[in-house]
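Input sequences plus hints: build the corresponding full structure.
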Amino acid sequence: MLTIKNLHARAEGKGILRGVDLEIRKGEVHALMGPNGSGKSTLAQVLAGRDVYEVSQGEVLYDGRNLLEMTPEERAHAGLFMAFQYPVEIPGVSNLYFLRSALNSLRKARGQPELDAMDFLHIAKQKAREFGLDESLLKRSVNQGFSGGEKKRNEVYQMAVLEPRLAILDETDSGLDIDALKIVANGVNALRHPDRAILLITHYQRVLNYVTPDYVHVLYNGRIARSGDKNLALHLEEQGYAWVEGQAPERPQVAGS
Amino acid sequence: MASQTKDLEKLVQQEYKWGWETLVEADTIPPGLNEDVIRVISVKKNEPQWMLEWRLKAYRYWQTIKEPTWANVHYGPIDYQAIAYYSAPRSNQDRPQSLEEVDPEILRTYEKLGIPLREQEQLAGVAVDAVFDSVSVATTFKKKLEEMGIIFCSFSEAVQEHPELVQKWLGSVVPYTDNFFATLNAAVFSDGSFVYIPKGVRCPMELSTYFRINAQNTGQFERTLIVADEGSYVSYLEGCTAPMRDTNQLHAAVVELVALDSAQIRYATVQNWYPGDKEGKGGIYNFVTKRGKCQGKNSKISWTQVETGSAITWKYPGCILQGDNSVGEFYSVALTNNYQQADTGTKMIHIGKNTRSTIISKGISAGHGQNSYRGKVQVLKSARGARNFSQCDSLLIGDKCGAHTFPYLEVRNPTAQVEHEATTSKIGEDQLFYCQQRGIPKEDAITMIINGFCKQVLAELPMEFAVEAQKLLGVSLEGSVG
Ligand SMILES: Nc1ncnc2c1ncn2[C@@H]1O[C@H](COP(=O)(O)OP(=O)(O)OP(=O)(O)O)[C@@H](O)[C@H]1O
Ligand SMILES: [Mg+2]
Numbered sequence: 001m002l003t004i005k006n007l008h009a010r011a012e013g014k015g016i017l018r019g020v021d022l023e024i025r026k027g028e029v030h031a032l033m034g035p036n037g038s039g040k041s042t043l044a045q046v047l048a049g050r051d052v053y054e055v056s057q058g059e060v061l062y063d064g065r066n067l068l069e070m071t072p073e074e075r076a077h078a079g080l081f082m083a084f085q086y087p088v089e090i091p092g093v094s095n096l097y098f099l100r101s102a103l104n105s106l107r108k109a110r111g112q113p114e115l116d117a118m119d120f121l122h123i124a125k126q127k128a129r130e131f132g133l134d135e136s137l138l139k140r141s142v143n144q145g146f147s148g149g150e151k152k153r154n155e156v157y158q159m160a161v162l163e164p165r166l167a168i169l170d171e172t173d174s175g176l177d178i179d180a181l182k183i184v185a186n187g188v189n190a191l192r193h194p195d196r197a198i199l200l201i202t203h204y205q206r207v208l209n210y211v212t213p214d215y216v217h218v219l220y221n222g223r224i225a226r227s228g229d230k231n232l233a234l235h236l237e238e239q240g241y242a243w244v245e246g247q248a249p250e251r252p253q254v255a256g257s
Numbered sequence: 001m002a003s004q005t006k007d008l009e010k011l012v013q014q015e016y017k018w019g020w021e022t023l024v025e026a027d028t029i030p031p032g033l034n035e036d037v038i039r040v041i042s043v044k045k046n047e048p049q050w051m052l053e054w055r056l057k058a059y060r061y062w063q064t065i066k067e068p069t070w071a072n073v074h075y076g077p078i079d080y081q082a083i084a085y086y087s088a089p090r091s092n093q094d095r096p097q098s099l100e101e102v103d104p105e106i107l108r109t110y111e112k113l114g115i116p117l118r119e120q121e122q123l124a125g126v127a128v129d130a131v132f133d134s135v136s137v138a139t140t141f142k143k144k145l146e147e148m149g150i151i152f153c154s155f156s157e158a159v160q161e162h163p164e165l166v167q168k169w170l171g172s173v174v175p176y177t178d179n180f181f182a183t184l185n186a187a188v189f190s191d192g193s194f195v196y197i198p199k200g201v202r203c204p205m206e207l208s209t210y211f212r213i214n215a216q217n218t219g220q221f222e223r224t225l226i227v228a229d230e231g232s233y234v235s236y237l238e239g240c241t242a243p244m245r246d247t248n249q250l251h252a253a254v255v256e257l258v259a260l261d262s263a264q265i266r267y268a269t270v271q272n273w274y275p276g277d278k279e280g281k282g283g284i285y286n287f288v289t290k291r292g293k294c295q296g297k298n299s300k301i302s303w304t305q306v307e308t309g310s311a312i313t314w315k316y317p318g319c320i321l322q323g324d325n326s327v328g329e330f331y332s333v334a335l336t337n338n339y340q341q342a343d344t345g346t347k348m349i350h351i352g353k354n355t356r357s358t359i360i361s362k363g364i365s366a367g368h369g370q371n372s373y374r375g376k377v378q379v380l381k382s383a384r385g386a387r388n389f390s391q392c393d394s395l396l397i398g399d400k401c402g403a404h405t406f407p408y409l410e411v412r413n414p415t416a417q418v419e420h421e422a423t424t425s426k427i428g429e430d431q432l433f434y435c436q437q438r439g440i441p442k443e444d445a446i447t448m449i450i451n452g453f454c455k456q457v458l459a460e461l462p463m464e465f466a467v468e469a470q471k472l473l474g475v476s477l478e479g480s481v482g
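For the protein sequence lines, the chains are A and B, in the order given.
With this note's numbering applied, the first sequence corresponds to residues 1 to 257, in that order.
With this note's numbering applied, the second sequence corresponds to residues 1 to 482, in that order.
Hints are computed from structural coordinates only; laboratory data are not their basis.
Heads up, some of the hints might be wrong.
To be verified - Looking from chain B toward chain A, a few residues come up when the C-beta cut is under 7 Å (computed):
hint	residue
1	L260
2	F389
3	Q431
4	P441
5	K455
Said to hold, decoys possible - Keeping only pairs whose Cα atoms sit at most 27 Å apart, straight-line, the calculated DSS-like set for lysine-lysine is:
hint	chain 1	residue 1	chain 2	residue 2
6	B	K353	B	K297
7	A	K139	B	K455
8	B	K471	A	K108
9	A	K127	A	K108
10	B	K278	B	K426
11	A	K139	B	K471
12	B	K426	A	K139
13	B	K426	A	K14
14	B	K278	B	K168
15	B	K455	A	K108
Stated by the list, open to error - Far from chain B, some chain A residues (derived; all Cβ distances over 12 Å):
hint	residue
16	I16
17	G37
18	Q57
19	I90
20	E135
21	S136
22	G149
23	S227
Yeah, the Cβ is synthetic: ideal placement off N, Cα and C, and Gly gets one too.
Given below as structure tokens:
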């Protein structure tokens, strides 16, 4: 579904990604870990099409299409979703209105009829109940004045409504209380489907107790330095990243397979 | 980041869509200004002696004063002798008695403007007084309003039919000595609208005026006077467009509002005068004096404006809060794009006890646009317990535009509470990306973010105007996205 080959990216002249290789197939859940500043968010944003980052080398195929040539909205229309590490506030635009515009933009791009306000409200409320989002947040401006945890829940909620095919969650589990963590995990698990895939960026092994990944990767210095199964996360938790540092970066085992 | 900024700047390129010209025969006084011109205007309008004298007093005073230079706008000298001060569509020399008598060419213009002038469009619930160049062409709904004692007619007609009302209130809020442009208007004003709402009457529909400058080299100097008697209510809408011309045209209007005890007036403007082209050539100079007087206790006046047009806007709708417990409000969105300049804001003068005022100003600058907020809050000694809240937010699109805020405070009563907040933000690349990541195309995202920014103000507009204003904001920035 997603093939990343030798991806290099930089921002403001500074190299951040230095040859990322990764293959994600339908139905899989991949966890991506790595120390602060290793380039996890950069990878997520390059995949979502943020043009702050310049891709200097490499290629990315999404369902056989050249992802890097698509605009951010085209990627979204093709089913790519990214939950932001730092969700953005949009004053004066209600959460509900925003989400309806988003859903209808996706539907329009896919040749489906747009939903009217009533039909949408029905879906929106049902999903809010299912994914533990306080209904009062629907009427408020997008993310404005939301607590850190509420912002993260809102990202998962949007994901649940938009039903992406490839979801990238950038530290959506950070800063959450234990109940919220379960809600996020529940959101991810609800999305699991043989036709979909998930890339879960996280610092903590604990979320992996609720979402069992098929693969765990460690991004280190702009490269995937290690790949393994869920035991790799446990190992990291015990050893810390010094352990990765101690090892020569090796080619990841799953990449390109 | 650079390419995002460029895209944003591109968004700002959009053509003026209201720039056609209507070919009607016009009865125009040759350019130039002197006492004879004023006498001719007065004769053409068959005015009583007091009206002529008022004009002449204004003209003589005007000759002794200078054009103001304090506003943060820049333009070449205006040649007041090169302007024609009166232009009436000739076929209407004898004013039309009904819509059937209105020049069809003019009616078509209004149709293009989307004005519900025709009988069958009365369902829209808007009574329209349309001012074309300098004269009021037709007023709809008059009969129906008359039954309730409401007077809604052209200013000239009011001078003929209700001279006692006009004489009593004319200049009571904006005296002819008020300022350079208001004084000029007092001398040469050609038409405008007049509204009187009798005691206790709630005007059942939105009253509306559309202004359009058509003839070349003419100035438009209209004058609006609205008097809301005790316990009455009226909501008034004003819309404006002009054809595209590469010379600048002067628009110097005066609006006076009077609210007596417990009366309420809402005055909304969607101003879309031709702003000039992308290089800053042509466009309307919009130098307007608007003021309301809350003369009675518990009265209320609200100004709402959405200013997207004009090459230069110089405009400060204000309220004199004279009656105890009276309330003044000012809600404004001003958008400047390309080389447009706007210096706009408000003036709230607290005189009565427990008077309250609210100011919400939203400035949007794009291209090389320069947007200044200038607001004055004055609390006199007498205004015990007066309160003011001001909020001025500026949004910048691109990095060649500017936003400026000039708040002036003058508080002479220690019990007064005055609060001022100001913010300046850039339309965020991160906000845009967030929307796009969710599938919302960039242009839609920009419109959404701008409308969100203006929400507090748009919420004050009557429903159908709010929709129009939202579209206008989108359209004024359209095309700048690649
Ligand atoms: N727009 C940018 N301009 C300049 N440097 C950037 C930019 N974005 C990221 N960087 C730098 O690139 C490096 C990787 O940042 P990134 O946000 O991808 O790290 P991360 O792995 O997500 O870290 P964390 O775990 O702290 O979220 C950091 O050193 C960061 O400062
Ligand atoms: Mg990060």
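Do the hints match the structure? See the list:
The beta carbon of L260/B is not positioned within 7 Å of any beta carbon in chain A (closest approach about 36 Å), and the interface hint is therefore violated. For F389/B, the interface hint is violated, since its Cβ never comes within 7 Å of a Cβ in chain A; the closest pair sits about 18 Å apart. Hint on Q431/B holds. Least Cβ distance to chain A is approximately 5 Å, under the 7 Å limit. Look at P441/B: its Cβ gets to within about 5 Å of chain A, closer than 7 Å, so that hint holds up.
Against a cut-off of 7 Å between C-beta atoms, the interface hint on K455/B holds, since the closest Cβ of chain A lies about 4 Å away. Distance check on the hinted pair: K353/B and K297/B sit about 9 Å apart at the alpha-carbon level, within 27 Å; holds. The suggested pairing of K139/A with K455/B holds, with an alpha-carbon distance near 14 Å, which does not exceed 27 Å. For the hint linking K471/B to K108/A, the alpha-carbon distance of about 20 Å falls within 27 Å, and the restraint holds.
At most 27 Å may separate the alpha-carbon atoms for a hinted pair to count; K127/A and K108/A meet this at roughly 21 Å. The hinted pair formed by K278/B and K426/B meets the criterion: a straight-line CA distance of about 22 Å does not exceed 27 Å. The suggested pairing of K139/A with K471/B holds, with an alpha-carbon distance near 23 Å, which does not exceed 27 Å. Distance hint between K426/B and K139/A is fulfilled; the C-alpha atoms sit about 24 Å from each other, no more than 27 Å.
Between K426/B and K14/A the CA atoms are separated by roughly 25 Å; this keeps the pair inside 27 Å, and the hint holds. Our distance criterion of 27 Å between C-alpha atoms is broken by K278/B and K168/B, whose separation comes to about 45 Å. With a C-alpha separation of about 26 Å, the suggested pair K455/B and K108/A falls inside the 27 Å cut-off, and the hint holds. Chain B leaves I16/A outside its interface by the beta-carbon criterion, the shortest separation being 15 Å against a cut-off of 12 Å.
Under the 12 Å C-beta cut-off, the non-interface status given to G37/A relative to chain B holds; the minimum distance is some 19 Å. With a cut of 12 Å on Cβ distances, Q57/A stays outside the contact zone with chain B, its closest approach being about 19 Å. Non-interface status of I90/A relative to chain B is broken: a Cβ of that chain comes within 12 Å, the nearest being about 6 Å off. For E135/A, the non-interface assignment is confirmed: its Cβ lies about 20 Å from the closest Cβ of chain B, beyond the 12 Å cut-off.
The Cβ of S136/A lies farther than 12 Å from every Cβ of chain B, with a closest approach of about 18 Å, so its non-interface assignment holds. The Cβ of G149/A sits about 19 Å from the closest Cβ of chain B, beyond the 12 Å cut-off, so the non-interface label holds. Chain B leaves S227/A outside its interface by the beta-carbon criterion, the shortest separation being 27 Å against a cut-off of 12 Å.
Checked against the numbered hints given earlier, this structure breaks hints 1, 2, 14 and 19; the rest are met.
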